[in-house]
Amino acid sequence: AQSVTQLDSHVSVSEGTPVLLRCNYSSSYSPSLFWYVQHPNKGLQLLLKYTSAATLVKGINGFEAEFKKSETSFHLTKPSAHMSDAAEYFCVVRGNSGGYQKVTFGTGTKLQVIP
Amino acid sequence: KAGVTQTPRYLIKTRGQQVTLSCSPISGHRSVSWYQQTPGQGLQFLFEYFSETQRNKGNFPGRFSGRQFSNSRSEMNVSTLELGDSALYLCASSSKKDTSAQETQYFGPGTRLLVL
Numbered sequence: 001a002q003s004v005t006q007l008d009s010h011v012s013v014s015e016g017t018p019v020l021l022r023c024n025y026s027s028s029y030s031p032s033l034f035w036y037v038q039h040p041n042k043g044l045q046l047l048l049k050y051t052s053a054a055t056l057v058k059g060i061n062g063f064e065a066e067f068k069k070s071e072t073s074f075h076l077t078k079p080s081a082h083m084s085d086a087a088e089y090f091c092v093v094r095g096n097s098g099g100y101q102k103v104t105f106g107t108g109t110k111l112q113v114i115p
Numbered sequence: 001k002a003g004v005t006q007t008p009r010y011l012i013k014t015r016g017q018q019v020t021l022s023c024s025p026i027s028g029h030r031s032v033s034w035y036q037q038t039p040g041q042g043l044q045f046l047f048e049y050f051s052e053t054q055r056n057k058g059n060f061p062g063r064f065s066g067r068q069f070s071n072s073r074s075e076m077n078v079s080t081l082e083l084g085d086s087a088l089y090l091c092a093s094s095s096k097k098d099t100s101a102q103e104t105q106y107f108g109p110g111t112r113l114l115v116l
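Protein chains in written order, with this note's numbering: chain A, 1 to 115; chain B, 1 to 116.
Extracted from the complex, chain A is given alone in its bound form (with noise of 0.2 Å):
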């Protein structure tokens, strides 16, 4: 069986602190994890991913995740939020399911940076 918790729905920050998104998994199999960030009315756009390379990712404007197997978790961080991070994030696992990939989304993490 393969999921995805995405353990805050929702998640406020002042600019300038550091986020914290938090992302747990369950698979059978070695999978690849994402996160997607999606802002109002638009598509999902890829911020990194983890394929079974290095276990410290660095994605795009400064976001970074950390693949710990041991906890089953892949949270994502920054250092500093700026205001144009305010979006929805999602946490993504895809694995092989008997030959087909399967993908699972997390449900979602709308973050909040107040000025």
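Keep in mind that a hint or two might mislead.
To give an idea of the interface, some chain B residues facing chain A are shown, with a C-beta separation under 7 Å as derived from the structure [unchecked claim]: (1) Y10; (2) G28; (3) G42; (4) L43; (5) F69; (6) T104; (7) G108; (8) G110; (9) L113.
Straight-line Cα separation of at most 20 Å, DMTMM-like style, residue types lysine to aspartate or glutamate; simulated pairs [to be verified]: (10) K68(A) <-> E15(A); (11) K102(A) <-> E103(B); (12) K102(A) <-> E52(B); (13) K42(A) <-> D85(B); (14) K58(A) <-> E103(B).
Treat the hints as calculated values from the structure; they're not laboratory data.
Don't be surprised by glycine CBs; every beta carbon is placed ideally from N, CA and C.
Starting from the known structure of chain A, arrange chain B on it as the hints suggest.
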């Protein structure tokens, strides 16, 4: 390279009608997947096409169907529309070489469908 394009961007239909949505993948990408996004259910996988064949299907009724053409462009059709079909429909393409490959998906801007 141009990104994934979807047409139309916005659509209003009434219950009982049918609708066709179109997706043009990134040039060279052979895999196209469709997703439905609603406030209540979040993002849900509809189906995936690779080389004109449906390779994977989510848990949606038969009213939802799709196809892929030889140029990798894909269409999604919903027949007998219901109010609950109102959603943002997202298309994603990837460059994977076979059905089991794990390649990054690139999403289009979506088609927002409103069923009245």
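Comparing the hints with the structure gives:
1. With 7 Å as the threshold, the beta carbon of Y10(B) stays out of range of chain A, its nearest partner Cβ sitting at about 10 Å, so the hint is violated.
2. About 17 Å separates the beta-carbon of G28(B) from the nearest beta-carbon of chain A, more than 7 Å, and the hint is not met.
3. Given hint, G42(B) at the interface with chain A, holds; its Cβ is 5 Å from that chain's nearest Cβ, closer than 7 Å.
4. The interface hint given for L43(B) is met, as the beta carbon of that residue sits about 4 Å from the closest beta carbon of chain A, less than 7 Å.
5. For F69(B), the interface hint is violated, the least distance from its beta-carbon to any beta-carbon of chain A being 21 Å, above 7 Å.
6. Taking 7 Å as the C-beta cut-off, the interface hint given for T104(B) holds, the closest approach to chain A being about 6 Å.
7. Because the closest C-beta pair between G108(B) and chain A is about 5 Å apart, less than 7 Å, the hint holds.
8. The interface hint given for G110(B) holds, since its Cβ lies 5 Å from the closest Cβ of chain A, which is under the 7 Å cut-off.
9. A hinted interface residue such as L113(B) counts as satisfied when its beta carbon comes closer than 7 Å to some beta carbon of chain A; here the least separation is about 14 Å, so the hint is violated.
10. Between K68(A) and E15(A), the direct Cα distance comes to roughly 28 Å. Violation of the 20 Å bound is thereby established for this hinted pair.
11. At roughly 12 Å between alpha-carbon atoms, K102(A) and E103(B) fall within 20 Å of each other, so this suggested pair holds.
12. Between the alpha carbons of K102(A) and E52(B) the distance comes to roughly 19 Å, so the proposed pair stays at or under 20 Å and holds.
13. About 19 Å separates the Cα atoms of K42(A) and D85(B), which keeps this hinted pair within 20 Å; it holds.
14. A hinted pair counts as satisfied when its Cα atoms are at most 20 Å apart, and K58(A) with E103(B) qualifies at roughly 18 Å.
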